[in-house]
Amino acid sequence: MDALISQYIDPYYLRILMLIGINIILALGLNLITGVTGQLSMGHAGFMSIGAYTSAILSMQMGSPFFLSLLAGAMVAAFFGFLIGIPTLRLEGDYLAMVTIGFAEIIRVFFLNFEPGGKAVGLSGIPQNTTFVLVWTLVIIIIILNAKLLSSRIGRAFYAIRENEIAAEASGINSTRLKVLAFTAGSFLAGLGGGLYAHYMYFIRPQDFAFMKSIELLNMVVLGGMGSIPGTILGSVILTLLPEMLRIVAEYRLLFYGALLVILMIFRPNGLLGDVRVYDIKKKLQGKKVGLWQSSN
Amino acid sequence: MIWQQLLNGLTLGSTYALIALGYTMVYGIIQLINFAHGEIYMIGAFVGLFLVVNTGLNIGVALLGAMAFCMVLGMLVELIAYRPLRGRASRLSGIISAIGVSIFLSTLMVLIAQTNTRRYPDIFNIQTFQVGDLQVSSLQVIILVVATLLMIGLQLLVQKTRVGKAMRACSQDLEAAYLMGINVNRIISFTFAIGSALAAAGGVMVGIYYNAVWPYMGTMAGLKAFAAAILGGIGSIPGAMIGGLTLGVLEILGVAFLSSSYKDAIAFGILILVLIIRPQGIMGQKITKKV
Amino acid sequence: MRFRGKAKWALLVCLVMVFSIVAGCGGNGSTSDKSKDQDVIKLGFLGATTGSVANYGIPGQKGMKMAIEEVNKNGGVLGKQLEGVYQDNKGDSTEISTITTRYITRDKVAALVGDPCTGLTKIAAKIAQENKVVIFSAGATGNGVVEIGDYVFRNTLLDKFAVPSVVDWMVNTKGWKNIAVITSLNNDYSVSLTPVFKDAIDKQGGKIVIEESINDEETDFTAQITKVKKAKPDVLVFTGYYREAALLMNEAKKQGLDINLIGGDGLYGQDLAKLGGKAVEEKVIFYCGFSFSGDESNPVSEKFLADYKAKYNEEPDMFSAQYYDAIMILAKAMKDANSTDPSVYKNELAKLKDYPGVSGNTTFRADREPIKSPICLITVKDGKLTLLDKIPLNIE
Chain P
1233 MDALISQYID
1243 PYYLRILMLI
1253 GINIILALGL
1263 NLITGVTGQL
1273 SMGHAGFMSI
1283 GAYTSAILSM
1293 QMGSPFFLSL
1303 LAGAMVAAFF
1313 GFLIGIPTLR
1323 LEGDYLAMVT
1333 IGFAEIIRVF
1343 FLNFEPGGKA
1353 VGLSGIPQNT
1363 TFVLVWTLVI
1373 IIIILNAKLL
1383 SSRIGRAFYA
1393 IRENEIAAEA
1403 SGINSTRLKV
1413 LAFTAGSFLA
1423 GLGGGLYAHY
1433 MYFIRPQDFA
1443 FMKSIELLNM
1453 VVLGGMGSIP
1463 GTILGSVILT
1473 LLPEMLRIVA
1483 EYRLLFYGAL
1493 LVILMIFRPN
1503 GLLGDVRVYD
1513 IKKKLQGKKV
1523 GLWQSSN
Chain L
2 MIWQQLLNGL
12 TLGSTYALIA
22 LGYTMVYGII
32 QLINFAHGEI
42 YMIGAFVGLF
52 LVVNTGLNIG
62 VALLGAMAFC
72 MVLGMLVELI
82 AYRPLRGRAS
92 RLSGIISAIG
102 VSIFLSTLMV
112 LIAQTNTRRY
122 PDIFNIQTFQ
132 VGDLQVSSLQ
142 VIILVVATLL
152 MIGLQLLVQK
162 TRVGKAMRAC
172 SQDLEAAYLM
182 GINVNRIISF
192 TFAIGSALAA
202 AGGVMVGIYY
212 NAVWPYMGTM
222 AGLKAFAAAI
232 LGGIGSIPGA
242 MIGGLTLGVL
252 EILGVAFLSS
262 SYKDAIAFGI
272 LILVLIIRPQ
282 GIMGQKITKK
292 V
Chain E
3 MRFRGKAKWA
13 LLVCLVMVFS
23 IVAGCGGNGS
33 TSDKSKDQDV
43 IKLGFLGATT
53 GSVANYGIPG
63 QKGMKMAIEE
73 VNKNGGVLGK
83 QLEGVYQDNK
93 GDSTEISTIT
103 TRYITRDKVA
113 ALVGDPCTGL
123 TKIAAKIAQE
133 NKVVIFSAGA
143 TGNGVVEIGD
153 YVFRNTLLDK
163 FAVPSVVDWM
173 VNTKGWKNIA
183 VITSLNNDYS
193 VSLTPVFKDA
203 IDKQGGKIVI
213 EESINDEETD
223 FTAQITKVKK
233 AKPDVLVFTG
243 YYREAALLMN
253 EAKKQGLDIN
263 LIGGDGLYGQ
273 DLAKLGGKAV
283 EEKVIFYCGF
293 SFSGDESNPV
303 SEKFLADYKA
313 KYNEEPDMFS
323 AQYYDAIMIL
333 AKAMKDANST
343 DPSVYKNELA
353 KLKDYPGVSG
363 NTTFRADREP
373 IKSPICLITV
383 KDGKLTLLDK
393 IPLNIE
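Protein chains in written order, with my numbering: chain P, 1233 to 1529; chain L, 2 to 292; chain E, 3 to 398.
No lab work stands behind these hints: they were computed from the structure. Idealized CB from N, CA, C, for every residue including glycine. Treat the hints loosely; a few may be bogus.
As the list claims (entries may be wrong) - Every beta carbon over 12 Å from chain L, so not counted as near; a handful from chain P, in silico:
{"#": "1", "residue": "Gly1357"}
{"#": "2", "residue": "Leu1366"}
{"#": "3", "residue": "Ile1373"}
Claimed, not checked - With a cut-off of at most 25 Å between alpha-carbon atoms, the simulated DMTMM-like pairs for lysine to aspartate or glutamate come out as follows:
{"#": "4", "chain 1": "E", "residue 1": "Lys256", "chain 2": "L", "residue 2": "Glu176"}
{"#": "5", "chain 1": "E", "residue 1": "Lys234", "chain 2": "L", "residue 2": "Asp134"}
{"#": "6", "chain 1": "E", "residue 1": "Lys392", "chain 2": "E", "residue 2": "Glu219"}
{"#": "7", "chain 1": "E", "residue 1": "Lys383", "chain 2": "L", "residue 2": "Asp123"}
{"#": "8", "chain 1": "E", "residue 1": "Lys280", "chain 2": "E", "residue 2": "Asp391"}
{"#": "9", "chain 1": "E", "residue 1": "Lys64", "chain 2": "E", "residue 2": "Glu304"}
{"#": "10", "chain 1": "E", "residue 1": "Lys256", "chain 2": "L", "residue 2": "Asp134"}
{"#": "11", "chain 1": "E", "residue 1": "Lys285", "chain 2": "L", "residue 2": "Asp123"}
{"#": "12", "chain 1": "E", "residue 1": "Lys162", "chain 2": "P", "residue 2": "Glu1347"}
{"#": "13", "chain 1": "E", "residue 1": "Lys280", "chain 2": "L", "residue 2": "Asp174"}
{"#": "14", "chain 1": "E", "residue 1": "Lys337", "chain 2": "E", "residue 2": "Glu371"}
{"#": "15", "chain 1": "E", "residue 1": "Lys110", "chain 2": "P", "residue 2": "Asp1234"}
{"#": "16", "chain 1": "E", "residue 1": "Lys313", "chain 2": "P", "residue 2": "Glu1483"}
{"#": "17", "chain 1": "E", "residue 1": "Lys209", "chain 2": "P", "residue 2": "Glu1347"}
{"#": "18", "chain 1": "E", "residue 1": "Lys134", "chain 2": "P", "residue 2": "Asp1234"}
{"#": "19", "chain 1": "E", "residue 1": "Lys255", "chain 2": "L", "residue 2": "Asp134"}
{"#": "20", "chain 1": "E", "residue 1": "Lys134", "chain 2": "P", "residue 2": "Glu1347"}
{"#": "21", "chain 1": "E", "residue 1": "Lys110", "chain 2": "E", "residue 2": "Glu350"}
{"#": "22", "chain 1": "E", "residue 1": "Lys383", "chain 2": "E", "residue 2": "Glu304"}
{"#": "23", "chain 1": "E", "residue 1": "Lys64", "chain 2": "E", "residue 2": "Glu219"}
{"#": "24", "chain 1": "E", "residue 1": "Lys110", "chain 2": "P", "residue 2": "Asp1242"}
{"#": "25", "chain 1": "E", "residue 1": "Lys232", "chain 2": "L", "residue 2": "Glu176"}
{"#": "26", "chain 1": "E", "residue 1": "Lys44", "chain 2": "P", "residue 2": "Asp1242"}
{"#": "27", "chain 1": "E", "residue 1": "Lys231", "chain 2": "L", "residue 2": "Asp134"}
{"#": "28", "chain 1": "E", "residue 1": "Lys176", "chain 2": "E", "residue 2": "Asp384"}
{"#": "29", "chain 1": "E", "residue 1": "Lys200", "chain 2": "P", "residue 2": "Glu1347"}
{"#": "30", "chain 1": "E", "residue 1": "Lys255", "chain 2": "L", "residue 2": "Asp123"}
{"#": "31", "chain 1": "E", "residue 1": "Lys386", "chain 2": "L", "residue 2": "Asp174"}
{"#": "32", "chain 1": "E", "residue 1": "Lys110", "chain 2": "P", "residue 2": "Glu1483"}
{"#": "33", "chain 1": "E", "residue 1": "Lys162", "chain 2": "E", "residue 2": "Asp391"}
{"#": "34", "chain 1": "E", "residue 1": "Lys392", "chain 2": "E", "residue 2": "Asp356"}
{"#": "35", "chain 1": "E", "residue 1": "Lys311", "chain 2": "P", "residue 2": "Glu1483"}
When you get a sec, could you build the whole thing from the sequences and use the hints?
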């Protein structure tokens, strides 16, 4: 199957399609935390690096089979997601954002000092086991599971926490448990994406998972539309393609990229496919003019 | 050595505080993490450098020039990138817009000034005093004093003047302030102008002190300033000062007594601990959530 | 499900975007037959022109452009003109992977030149090796690069060959025995150079009195310098790049620490003198495979320096020289092999011996590792990087 695909698709597009797939998995994870549950996380790349390094080291130095390394990477990332989910019980909004940034920075510094990971030199020679079919099969499975989750009772509870945590609690939702669950599940996907990334790129280094990577992933979620699965997918596709498409403008590329982010936000303030919620419509009917930011937190 | 290191930490901390003050003001009023703030700081440093090198202006005048330039820039950024979003978008959209501005401004600076790191010319007579074992440079004193004065000035502005009253009203409830006849847009613009001028002042001083100005200096500085503002309790002006100083001292003491390899990890680790113990930051007020 | 209506919409937009990129840039990609007989020889540039490592990519790109112009002025290669293809990779792993693939499949480049960074070079080298295209790194010094395959080359003075001689000079000729070692933790060049220095210092009987680390892109090194000062070393060894070296020396001067700093060819940039000012004057000494000025025995360097200044109105750095040489060496190999097919001319390339380049005399060993001899020690004098001494290279 993969041989067939690589025969018919130009390697350049194939590479971009792979990166899109991996980014969709990563962004869907973040969407669970930030988009759906409303817990602002700016450290998603940190969980990604845990998955990437764990799986790469397992594959290279322990000789564990690919699927096992991948799973282990995702599990370890999920464990750290669980740990970082705990402060969310006390922290809100931007304080939480700071904790996630700090956590991701700590992980980055840890890997900069981590001898088995090659420090800043990075790990090279990771077996390139990630294939097109594997990535896109996983993408489809994850989309389906995500959709199922979000339309379930738990999913609706996630949305409820985002909209109004106190009201959600009052309706009998255990927000503590669910917030930690969202962090754990989101980090699992980040770790999985990281493992796929490592086994695709052949080489990883701590700098690949710096603050800007987290921001890039956050952009995907917000640009597409917070909490919306098609939105997140669209956001990932656009933001993976955009830098490539903007190559026409050569050195002005990042200038356009920055300007486009602003313009898109001005014209689609709730993301391209941001879901219109009852709360917003009510506000609109009330004819608010000077309100600050919509939505929760 | 501890005193020397403490002084190093206080100097570094006051550079963080200078940026964090503007950060926290903007945040206090519109609850936006203004990621472009670091870029304004960077542009302030460049404008100051340009004025000193190309027009041979006195450094004091150059500082004022940089502040004026960034004032206008800050208001423009608010007008173009944030105002259209206000009231129609989620807070996160504001953050993304800010990130867009930040990427735009740093790339613009790269196109104008390339990526080389530049230094301010040696036009100042920096004196070093020897106090016992301690070496104090005049610049360290200036930075510390200026940061403190700015903090006091800001606090007076916010607490004692009419504009300050309006700012406080806006930060408490934008709609109510609007209904009371406050021109909300103008107050927000004003806040951005003040915040950006502070960032520019910080940029010029840091540029002189460390002798390094470059287009990517804003990102890390912005992040550190955000951390400082959060640590102090975001929205609080004395908090930004205390947060900045604490963060600076933590970083330096981390290097001095633990390990320079784990510098940032130590600082962020303590930051997280503080936040877990005191979720509203050192000086922040606990906000009771309303339904 | 809450998104059913929108899912179609999203899918549609995704498809449109994917197709637009396929159609938008795919014009020349599909006609692979034509490109085999291209009337130009394309060379792909790998390096960053934006982002925090652009300082090293931009001069490289300038050197590469200059070399291509010169070759074309002299009649090109095998009757064809050279053409550089330039894409910015921001110093980013995923970007370099897509760019490399794009160069190979879309532009049908005959060779890739770059990247300055070892890690990124490895990503590109892996792709190049799989597609049988020559990659010539003009900066990667770390381990495990040429081991990727027989299409991978580089022309930097390798630290593991140079450092023992330099340390010998430092410890035994100069008598600087108590050494402080400073590493830039997030710089792969620095992290791999430090153990080489430490090994050599141990072997030559030097003593490391303190080890500190900094990070690239930072400006505050007060704490580290205060600590170093207390340890009273005879000399500082800093393994990173020129920007941080200049800032370290500035800080040392501020704290009244009067000391020499020894480093690798990562310090070879004009900004070292500009940024360091008086603080680096005759204080910073670093080794390199060549020296632009003050080295009469290398007229090629002198000429390059003059040409580069005339063209760009600035001083070249190590990367400009190495990218320039890379192009020249590739052109030579293609001429000698009478082919632009990487699988053919790579054999000729591997035979390179005593090539008198701007960046020193280069020979490829059997394992394609470059040997450059002798080593130049360079310092800053009157704001200019000048040759201080030459020491022979001794390889065990």
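(message) Of the numbered hints stated earlier in the document, which are not met by this structure?
(response) Hints 4, 6, 13, 20, 25 and 31 not satisfied by this model.
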